[in-house]
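Asker: Take a look at the letters that make up each chain.
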Amino acid sequence: MSWLRYLLIAVLILVPVWMGSHFVVHHDSDPSNPFLPLFEHLMPATLVTDPHPEPGETPQPMLAITVPGPAAFDAVPEQPGTQFVLTNLQLFQIAAALLVIVCFSGVPSYLRTGRGDRLTRLFAGFALWLRDDVIYPAMGAKVGKKFLPYFLALFFFILFMNLLGLVPGGATATASVFVTAGLALLTLLMMVFGGMIAQGPFTYWKTLVPHVPIAIWPIMFVVELVGIFVKPFALMIRLFANMTGGHMVVLSFMGLLFLVANLAGTAWSWASSPVLVGFAVFIMIIEAFVALLQAYVFTMLSVLFIQASVHPEH
Amino acid sequence: MIQETVDNAMGIAKMGAGLGAGLAVIGAGLGIGKIGGSSADGIARQPEAAAEIRGASIIFAALIEGVALFAIVIALLIIVLPGKL
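As they're listed, the protein sequences go chains A and B.
Numbering follows our numbering, in which position 60 of the first sequence is assigned residue number 60; successive positions increment by one, without gaps.
For our numbering, count along the second sequence from 1 and bump the result up by 1000.
I should point out that these hints are in silico values taken from the structure, not numbers from a laboratory.
Heads up, a few of these hints could be off.
[Claimed, not checked] Label-pair ranges, simulated between beta-carbon atoms:
#1 A:L63 to B:V1006: 38 to 44 Å
#2 B:E1004 to A:P31: 22 to 28 Å
#3 B:L1077 to A:L122: 36 to 42 Å
#4 A:T66 to B:A1051: 48 to 54 Å
#5 A:E78 to B:A1051: 32 to 38 Å
#6 B:G1016 to A:D117: 54 to 60 Å
#7 B:A1050 to A:G265: 51 to 57 Å
#8 B:V1006 to A:P201: 51 to 57 Å
Model, not experiment: these values are computed from the prediction.
Yeah, the Cβ is synthetic: ideal placement off N, Cα and C, and Gly gets one too.
Pulled out of the complex, with its shape left as it was, chain A reads as follows:
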């Protein structure tokens, strides 16, 4: 059954890449500013039914559902109500979630019987490293066991989304602040409700502030209350800015090629291309490392934050 797993992985990478590059409206090149059309690729692109519309016809989104919500989230201002549309980022999120399921489908039976193919052994080792070297030392085996499914899902979901962004034609779902905000919101809920369940709803709010003189207690309570929200907010900004920043540097090197072509002519652009493409490849190598590192950092900091709210310092 090993070949079926590899086939499914190939399909789950190629289908979103094909859909995400075929069913989106293509950007026109702008000779005066070659950087802007490249930077447009950092934004989520709405999937449309017809990517090459007739002149005077606006492309229709592939899926538009009216949902209750603030106008800031409205993706189609022409239609009444807040519209939820399918973008290429959601394709890659779904693909990442399915890839986690496919890659881990053999892991339970491998851990039980010790038989598994190479892919299964790789991911089983990865998951065991995360459990034994990251989560259990920080949280302890008893509490860690309860939170383990959340952290494993979080780590591998972020990791696959980051890595899918490095595939040619792929889009990084974690380079959207909305996706990372959703992930950080999960950690916030785990912090608050995990703490309230572990310590009791009133004890949690009472032990939020460590022992301080009664006069500065109200100030400390406000500080700690703000701290609860700042921690996931920092997680959100960190993942989003790391992913966006790397892509922006690569796209800037590509934009420099077009800038040189506009300013000095095509020959100079060809002449400078080995240097600029070399720098872009170098940044891509760093990005591959950052993709792994940021998934680890997001998970590790979630572990520390949740641990701190489940077991406060006395």
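Following the hints, complete the assembly by docking chain B onto the known chain A.
Answerer: This is chain B only, laid out in the frame that chain A set:
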């Protein structure tokens, strides 16, 4: 006249964004450099604790980098949302 003033203001705003990005990099560089130096010291003194020191220093570096990225994102907002801020 008004257009000229607006253009000048935009130029100053872009300069501010660039300065802000540079200052954030100085701060993050100092912080991460200190962590890197200290962790190298620690590993040299106590090589058997290398794995723990490395893990902890990655966490501290990530925390500092997060603060620097706040500054970078604000610098980015100055460029991206010129009329709205």
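Asker: Could you run down the list of hints and mark each one as holding or not?
Answerer: Right, here's what the structure says about each hint:
no. : hint                          : verdict
1   : A:L63 to B:V1006: 38 to 44 Å  : holds (40 Å)
2   : B:E1004 to A:P31: 22 to 28 Å  : holds (25 Å)
3   : B:L1077 to A:L122: 36 to 42 Å : holds (40 Å)
4   : A:T66 to B:A1051: 48 to 54 Å  : holds (53 Å)
5   : A:E78 to B:A1051: 32 to 38 Å  : violated (56 Å)
6   : B:G1016 to A:D117: 54 to 60 Å : holds (56 Å)
7   : B:A1050 to A:G265: 51 to 57 Å : holds (53 Å)
8   : B:V1006 to A:P201: 51 to 57 Å : holds (54 Å)
Taken one by one, the earlier hints fail for this structure only at number 5.
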